[in-house]
Amino acid sequence: MSGQSVRYSYYPGCSLHSTAREYNVSVRAVAQAAGVELVEVPDWNCCGATSAHATDPFLAFALPARVLLQAEESGLDILAPCAACYGRLMTAKEEAHRRPDLVARFEKAIGRKLGPAPRILNVLEFLAEPKVTETIAAGLKRPLTDLKVAPYYGCLLVRPSKVTHFDDAERPTSMDKILASVGATPVDFPGKTECCGASLGISRVDLVVELSGRIVQQAKHAGAEAIAVACPLCQTNLDGRQGTAAAKLGEAFGLPIYYITELVALALGVAPGRLGLGKHLTNSLALLRQKKLA
Amino acid sequence: MATSQEPVIVGFLCNWCSYAGADSAGTGRMVQPTNVRIIRVPCSGRVNPRFILRAFQRGADGVLVSGCHPNDCHYSTGNFFARRRLLLLKRYLEYLGIEPARFETHWVSASEGQKWAEVVRSMAERVKALGPSPKLPSLL
Amino acid sequence: MKRVGVFLCWCGSNIAGTVDVGKVAEQARRLPGVVHVEENKYTCSEPGQAAIVKAIKDQRLDRVVVASCSPRLHEATFRRTVESAGLNPYFFEMANVREHCSWIHTDKETATPKAFDLVRMAVAKALRNEALTRGSITIEKRALVIGAGIAGIQAALDIADAGHEVILLEREPTIGGRMAQLDKTFPTLDCSQCILTPKMVDAAKHPNITLYTWSELEKVAGYIGNFTVTIRRKARGVDETLCTGCGVCQSKCPVKVPSEFDEGMGMRKAIYSPFPQAVPNRPVMDRANCTFFKTGKCKICERFCEAKAIRFDQEDSLIEVKVGAIVTATGFDLFKVEKYGEYGYGLYPDVINSLQFERLVNASGPTDGKIKKPSDHEIPKSVAFVLCVGSRDEQKGTTYCSRACCMYSIKHAIQFRDKVKDGRAYVFYMDIRTPGKSYEEFYKRAAVDYGVEFIRGRPSKIFSRNGKLVLKAEDTLLGRPIEVEVEMVVLAPAMLARNDAAKIAQTMSISYDGYGFLNEAHPKLRPVETNTAGIFLAGVCQGPKDIPDTVAQASAAASKVIGLLSHEQMATEPMIARVSEALCSGCLWCKPICPYQAIEAKTITEKIQGKVVSREVAAVNSGLCQGCGACTVACRDGAMNISGFTNDQLLAEVDELLGASRPACAAE
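The listed protein sequences correspond, in order, to chains A, B and C. Read the first sequence against this note's numbering and you will find it ends at 294, with the numbers running on by one and no gaps. Read the second sequence against this note's numbering and you will find it ends at 1140, with the numbers running on by one and no gaps. Read the third sequence against this note's numbering and you will find it ends at 2668, with the numbers running on by one and no gaps.
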């Protein structure tokens, strides 16, 4: 069996092909290191996050349901690194059980039958898959010793718990464990599951600055040198609004916001230059250099 | 069978759990279809399969037996015997041409008025969908 | 020819609002055997019952059918009515047209024919009712009380004071239960121990009470008046008759473990008495933590015991007792507040639960009554009390209100303000519920005299900031988010049924609800009885309640027991199994299916074609049979029947409902 590669269906969603390209890069880098083949869902579409799911209940179901349908043929478990995509796919899977009316309408519209949904994994679950943890344990080339990282889960990975069935919604620890496994020091902080402001980043900048700023502040006060995230929107808000927040809250932060996969990839020996860390707005290379990790 | 179009479901309910559960549904004013007629028995273990066969012979559209949850029988073991017996009967009824959905066994406790109402609603709906029962010929 | 009287109850508008009673009456008159039909506004009322008696006499009725509420409510009532008119009470039959018809339907057009169906089924059954006579059994004049918290102690004392023997069973090393853990009680603020410990001593010293602590219920067999109960006396490791309770063993024991009695706020030894006022004042050995049981060495306690009472080789023993009645007072568990990850219990040492606060504020507790933070043993200057942790929360806890938490949390806030004069107390609540004598006044006092700050809002999160605890919430009266910084947080957990409540219920064949609370026979009219005759309920095992309600219920249960035990004999239900010896082939398939071992073989002799032959048939012991009817189905000959629920009667109901005679009521 060892020669055979493990395969997962891969649903990058729009972010990982655009604003969060570096997330895509690091997910693929970790997968490659772990000998995992990622098979992109053929002809995938938008998950319906943000606009569709807030305006039209049927569209909210139909968009992610079509993604599931597209992935069905491969028969593989789906990895959805974007927390919003993950949330939409999980919701569709749950609704498919509960709402035969939606399923019927969907099947009629698309002319195909919706089969049983595959397993859907977020990036933290993926990193906790036996094959991946084994690789991390065996292939640790550059342990992130002395790096104090606050794991930030945000809302969509762990909530609503009756949809995600993942970790403890109020006191999650899965990312803490992954950080510890690559030699970093996870820093528990109260903002772990607070809202970053999400898509209000466009319409209500003032709110996002306040919400994201507080999360960064709490992490900093808890002794963190960096924050790890598993969601493109969280990354954008914590990273991009940090400067404005600092001005508003009257203290400097300078906390790099890494994708958890970036940190894992670094620990597995992937060169920082390959990861596109320069795309982050808050300098994320200086800290690594200081810790002799880059 | 009578002229009425509404299907008739005969319910044999144990005195301690399900009959009381149906009472709770009443006390809670949980609206149900009018199809079920309840016959009170001491225990689901008192329900002789012959009672059920007789109901189908006389043209019942459905029969429902309900007792205490397994392990909670007022008489300790009655519902276990009922369960074994009635499972067997269900297969026999199917053999006789009575659709499985026409005969159901449920466990409803004295406090589960809501559950009882749900049992009645869903069974009435299924039996209605099946239409009139194929009356069993008199074998006994 | 049988003469049936049918009495149709309106139950005010309860039945008449949905069922056209007049129409049912009109149709009932045409039923075979029916000679009298009468409507009544309230059949169960005095005039309603008098009308039945009068009709029985005037119309020479020999069968009576009442169509009204559930037989579970008024069957006994009407049987007595019928009996008072000189008729056998088992000639009475009931049609449940309220709970099973008018209350669950809205359309008169369909409810009325259904009600008539129920009436004619009852008439068909009544025509086959037979005269039955009650038997009688001797009552064992002794009661068992399970659980020796305040409910069990109160019930035991009341029963014992009435002159009956009581066996008081407790699985912990001491009696006293939850109340012994409390400091003061609301709304009077009298000391819990001061009012409880005298009762504990009374219970231990009462000549009519036998106390079994560190003992558990193993098995219950039998029936009202004649229960046989098996009790497991767990190995105490101490000879109770020799032990003097001097306490040297506990002081010398080298092992320290968190004390259950102190809710982990203090420590105890591996041989221990939970608290100084424990009754009986005899320690127990905790084998799981005892060094000798772990390593085979130590025995320090034995070395120092002057009374030579230590017994390492003691084993559990089973004893059997006979009782006539049982009071179940098994108490409650607390909701595990860890389930609210956002409140940080277990993460922040200064987030504690209410029972832990009771131990902190208790003069005989681990801090001698000084409210100190577990983290640094400093006195907190501000405390937040959070209500409804697990209560009224379908997401994480239970749906119901735990009833006592508002009041005890207000009490905690008052106690804190009393002890820390410059401290600030906050209570986070959804609603403050104070339905009791002097309760609302107590709440007012807390707000006005003690300056307790009440905030209407359920915290969404508790987190640490600069060494303080921050409660994040929405103040729903101000309509805006707030953050309150305090030094200690006390979470009020929901009261839950014991985690083994289902097992206890199953041991006794009593019913319980979805939460595990034991079911009373009727929520209003039979609040302390269960549906199993002879078994009664007291305290929180039946549902959350405070001390006054618990004590009231315990005394109520005791009065029921006293009433029962005041008789030498009691009448038994005649609705039990009976054998037709003529039909019985003596196969005895009925014997193993009987849960009460009530069926035995017996030899009869009879004359067949002039020859005297003897053969074996089944015989039912009427004292043991409970009338479940399992045997009737096992009987292949149809020889076994249950009086009152005979095959003939039940089939008559089926036939009447579906038979050819079914009138086209719906078509009218």
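No lab work stands behind these hints: they were computed from the structure. Hints should not be assumed to be uniformly reliable.
Label pairs and their in silico Cβ distance ranges [said to hold, decoys possible]:
| id | chain 1 | residue 1 | chain 2 | residue 2 | range |
| --- | --- | --- | --- | --- | --- |
| 1 | B | 1131 | C | 2435 | 48 to 58 Å |
| 2 | C | 2336 | A | 206 | 38 to 48 Å |
| 3 | B | 1091 | C | 2559 | 32 to 42 Å |
| 4 | C | 2013 | A | 110 | 30 to 40 Å |
| 5 | A | 110 | B | 1125 | 26 to 36 Å |
| 6 | B | 1118 | C | 2441 | 21 to 31 Å |
| 7 | C | 2435 | B | 1118 | 51 to 61 Å |
| 8 | A | 110 | B | 1118 | 39 to 49 Å |
| 9 | C | 2456 | A | 160 | 34 to 44 Å |
| 10 | B | 1095 | A | 97 | 48 to 58 Å |
| 11 | C | 2611 | B | 1132 | 53 to 63 Å |
| 12 | C | 2336 | A | 160 | 40 to 50 Å |
For clarity, every value in this text was computed on a predicted model and none was experimentally measured. Glycine residues also receive a C-beta, built at the ideal position from the N, C-alpha and C atoms.
The hints, checked one at a time:
no., hint, verdict
1, B/1131 to C/2435: 48 to 58 Å, "holds, 53 Å"
2, C/2336 to A/206: 38 to 48 Å, "holds, 40 Å"
3, B/1091 to C/2559: 32 to 42 Å, "violated, 52 Å"
4, C/2013 to A/110: 30 to 40 Å, "violated, 54 Å"
5, A/110 to B/1125: 26 to 36 Å, "holds, 29 Å"
6, B/1118 to C/2441: 21 to 31 Å, "violated, 44 Å"
7, C/2435 to B/1118: 51 to 61 Å, "violated, 32 Å"
8, A/110 to B/1118: 39 to 49 Å, "violated, 33 Å"
9, C/2456 to A/160: 34 to 44 Å, "violated, 25 Å"
10, B/1095 to A/97: 48 to 58 Å, "violated, 33 Å"
11, C/2611 to B/1132: 53 to 63 Å, "holds, 55 Å"
12, C/2336 to A/160: 40 to 50 Å, "violated, 21 Å"
Hint violations for this structure: numbers 3, 4, 6, 7, 8, 9, 10, 12, all remaining hints satisfied.
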